[in-house]
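Could you put the whole structure together from the sequences, leaning on the hints where they help?
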Amino acid sequence: MEILNVMKKRQKKNRTGRMAGDQNSVILSIGRVKKVAIQLLMILAVVIYVLPFYWMMLKMFRTSIFAHFPPNLNPLSGTSLSNFAQNLGSVWSFGSFPRWYFNSIFVTLVVLFSSVIVGSLAGYAFARLNFRGREMIFYTVLGTLMIPFPVVSVASYVFMLDIGWLSTYQGIIIPEIASALNVFLFRQYFLTIPKEVEEAAKLDGLNPFQIFTKISAPMAKPAFAASFIYTFIGSWNNFLWPLMVIHSKSLYTLPLVLNFFKGVNGVQIYWNEMMTVVFLTLLPTLIIYAIFERYFVEGISFTGLKG
Amino acid sequence: MWKVYPSPDLKGETVSVNVKNLVLKFGDATAIDNLNLEIGDGEFAVILGPSGSGKTSLLRCLAGLISYESGDIEINGKSMNGVYPSDRNVAMVFQNYALYPHMTVYDNIALNLKMKGMEKGAIDVKVNDVAKVLGIDQLLKRRPREISGGQAQRVGLARAMVRDPAVYLMDEPLSNLDAKFREEMREELKRFHKITGKTVVYVTHDQTEAMSLADRIVVMDQGRKVQEGSPRTLYDNPEHAFVAGFVGTPPMNIFRMRHSGESGNFYELEEAESGTSFGIELSGKNDDGKILAGIRPSDLALDIEGQLESILESTEFLGPTINSYVRIGTSRISVAVPRTQHNEDLLMNGRPGSKLRFRIAPDRIYVFDESSGERLSASVSSVRTIAKKSGENPME
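Listed in order, the protein sequences are those of chains A and B. Counted the way the working numbering counts, the first sequence spans residues 438 to 744. Counted the way the working numbering counts, the second sequence spans residues 9 to 404.
Just so you know, not all the hints are guaranteed correct.
Unchecked claim - If you want a taste of the chain B side facing chain A, the calculated C-beta under 8 Å gives, among others: (1) 106; (2) 124; (3) 387.
To be verified - In silico DSS-like cross-links for lysine-lysine, where the CA-CA straight-line distance does not exceed 27 Å: (4) B:124 - A:632; (5) A:651 - B:124; (6) B:198 - A:651.
Source of the hints: derived by calculation from the structure; they are not laboratory data. Since the structure is predicted, the reported quantities are computational estimates derived from the model, not experimental observations. Note that CB positions come from ideal geometry on N, CA and C, so glycine has one too.
Written as C-alpha cells, this is what we have:
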C-alpha cells in the first residue's frame with residue numbers, strides 16, 4: 438500500500454516536472470526576444486553616442502570647411518594625414534592658440550590641486566575635529582550645493598570687479614577652488630574610516646597633521662580619485678565663469694576658444710578647423726580617461742553621481 | 009606558540025597606574041562617575057563589565073584619546089592631564105586591530121620607531137625580534153587585508169610590544185576571534201605578561217577571560233566601580249549582587265525574597281504562588297524586608313532530603329559536569345553537578361517535569377539588599393521548604 442502511494446507521488450512529481458519544463462522553454466523564448474531587443478537598443482545608443490565623434494574625426498582629416506547634410510560618412514573620401522597636419526597647423530597658428538592651450542592646462546592644474554587639497558582638509562576637519570558650530574557650518578557649506586551657479590554669478594562678478602580681479606588668472610582660479618562637493622565627498626569618506634586607526638596613530642606618535650597625511654589621506658584613495666576626476670572635468674570644461682571674468686583674449690581658455698571658432702553673427706564657420714580644436718580640447722580628457730578608467734567607474738559608483 | 013623567547017631588552021621598567029576621582033561625561037550622560045583605581049607595578053588588571061559600563065571609555069582616558077571632565081590619571085606617579093597619547097609611555101591593542109591598511113605588516117610595526125627617529129638598522133632588528141617572538145615573521149611583507157584575524161591581533165600586539173611601553177592597554181583584544189583561537193591567544197597573553205612583567209590594563213565583558221587572565225579584576229557597572237579584587241575574592245565573596253550575577257559560569261541564581269510577616273527574620277521566595285517554595289532564616293535583620301538571595305549552581309546537590317523542591321526542565325551534558333535547568337515556582341534555576349551515576353540517572357534520564365530535590369548548605373547562600381544590591385552582613389541560618397497549596401508538612 439505504502440509503495441503504491443510513493444509511486445503515485447513520484448508520477449505526480451514527474452508530470453508537474455515536465456509541465457514546469459514546458460513553461461520554462463516558453464519563458465526562455467520570450468526572454469530571448471527581450472534580450473535581442475535590448476541589444477538592438479544598446480547598439481542604437483552606441484551609434485548615437487559615437488557618431489559625433491566619428492564625424493569630428495572625419496572633419497579633422499578633411500580640408501572642406503563646409504558641413505553638408507546628410508554628411509559624407511565614408512572614411513576614405515577626402516581624408517588624409519596631411520590634411521590633418523594642415524588643419525592642425527592653421528589652428529595652432531591662429532591667434533595665440535598655444536597660449537590659450539597653456540591657459541587651460543595651467544588653470545585646470547591649479548584648480549585641481551588646490552581644490553582637492555582644500556576639499557580633503559576641510560572634509561577631514563568636518564569628519565574628525567571637534568569645534569563649535571561644526572554641524573551648522575557643514576550644513577551651510579552643503580547647502581551651497583543647492584544654489585545654481587547663475588544665481589551667484591552676478592554677485593561673484595561684482596566682487597571680482599571690486600577687488601580688481603577681472604581678466605586675471607586669480608580671478609578665474611580662486612573662486613573655483615572652494616568646492617562644496619569635494620568637501621562633502623571627503624567628509625563622507627573620512628567618516629567611514631574607523632576611529633581606532635587614527636587613535637593607534639596618535640599612540641604611535643603622529644600629530645594630527647601627520648595622521649592626516651600619513652594615515653587618513655592614504656586610506657581615502659578612492660575619494661581622492663573621484664574628486665580628482667570630477668574637479669578635472671568641471672574645471673577643464675568650465676565655460677560660463679571664464680566667459681564672465683575674462684575680457685582680454687590672451688587669457689582665453691579652450692572652451693572660450695571653441696566658442697570663438699563657432700563664429701559670430703553669421704560669419705562663415707571653418708568646420709574642419711573647429712573640429713580640430715574640438716579634438717585638441719578633448720585630447721587631455723581622453724588621455725586622463727585612458728589612464729584612470731578604473732577610477733572613473735569607481736568614482737561614479739562611489740559617489741552615486743554623474744560627472 | 010612562542011617561537012623564540014623574547015630578547016632581554018623587552019624587559020623594561022614597570023609602573024603603577026592611578027586613577028583619582030575620574031569623571032567623564034558625554035553631553036549630559038555620565039560615562040564614568042567618580043572612579044578611583046590603583047593598579048600596581050606589573051599587575052595584570054582586568055576591567056570587567058557589560059557594554060555601556062564605561063570600561064572602554066576608561067581605557068581611552070588612560071591612553072589620552074579622550075579628555076575627561078575632572079579628576080586625575082597618574083602613570084608612574086606623574087599626572088597625565090594634557091599629556092599627548094604617545095608621550096604617556098603606553099601602548100594600546102584594539103578590538104578591531106586598527107592596523108594601517110595601506111602599510112605592510114612591517115611598516116605597521118615600525119611606524120612608531122620611525123616617528124621616534126630611530127635608525128633604520130636598529131628598527132629592522134627590533135621589528136624582526138618582536139615578529140619572531142609573536143610568530144609573525146613570515147607575514148612582514150603582507151598587508152593587513154591579507155592576514156587572518158588572529159594574525160592581525162598578533163600584529164596589533166607586536167605594534168605595541170616593539171615600543172616597549174610601561175603600560176599595555178588592551179581593549180577586548182580577543183573578542184573578534186573565534187572561540188578556539190581565543191583560548192589559545194589567552195594562554196599566549198598570560199605568557200606574554202609573565203615574560204615581560206609589564207603592567208596591563210585589560211578591558212573585557214567576558215568573565216571567563218577575566219577570571220583566567222587577571223591578577224585583579226575591577227568590575228564596573230554604569231560608570232562605577234562595583235568591586236575589585238582577585239578572581240577568587242570576587243567569586244567567593246561578591247560584595248554586590250551585580251558581581252555575583254556576573255562572575256562565574258553558569259552565573260549565580262538570584263532570588264527575590266520577602267519577609268514572611270512572621271516574627272523573626274524568615275524570608276520566602278517572592279514569585280512562588282503555588283506549589284512548593286522555600287524560605288530562609290536570616291541571622292540579622294534587613295530594614296525594608298526585601299532581599300536578594302544568591303545560590304551558585306555548583307553549590308546545589310541532588311538529595312532526596314534536600315530543602316529545595318523543583319521541577320526539571322532541561323539538561324545539558326558538558327562532560328565532567330552536568331548543567332540542568334529546574335524551576336521553583338516561577339524562578340528558573342541553573343544547577344551544575346558533577347557527573348556521577350546518580351546525577352546522570354536523575355538529570356539526564358529523568359523526564360522533564362519530574363520532581364527533584366536539591367540540598368543547599370545555608371552558609372553557601374549569599375544575601376544582598378534588594379534596592380542597593382549590596383551584600384548584607386546577616387548570614388543564613390537555615391533553609392526550609394514551604395508548601396504553598398496542599399497541607400503537606402513544611403518540614404517534610
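Hint check results:
no.: 1; hint: 106; in the structure: 4 Å, holds
no.: 2; hint: 124; in the structure: 6 Å, holds
no.: 3; hint: 387; in the structure: 47 Å, violated
no.: 4; hint: B:124 - A:632; in the structure: 23 Å, holds
no.: 5; hint: A:651 - B:124; in the structure: 15 Å, holds
no.: 6; hint: B:198 - A:651; in the structure: 34 Å, violated
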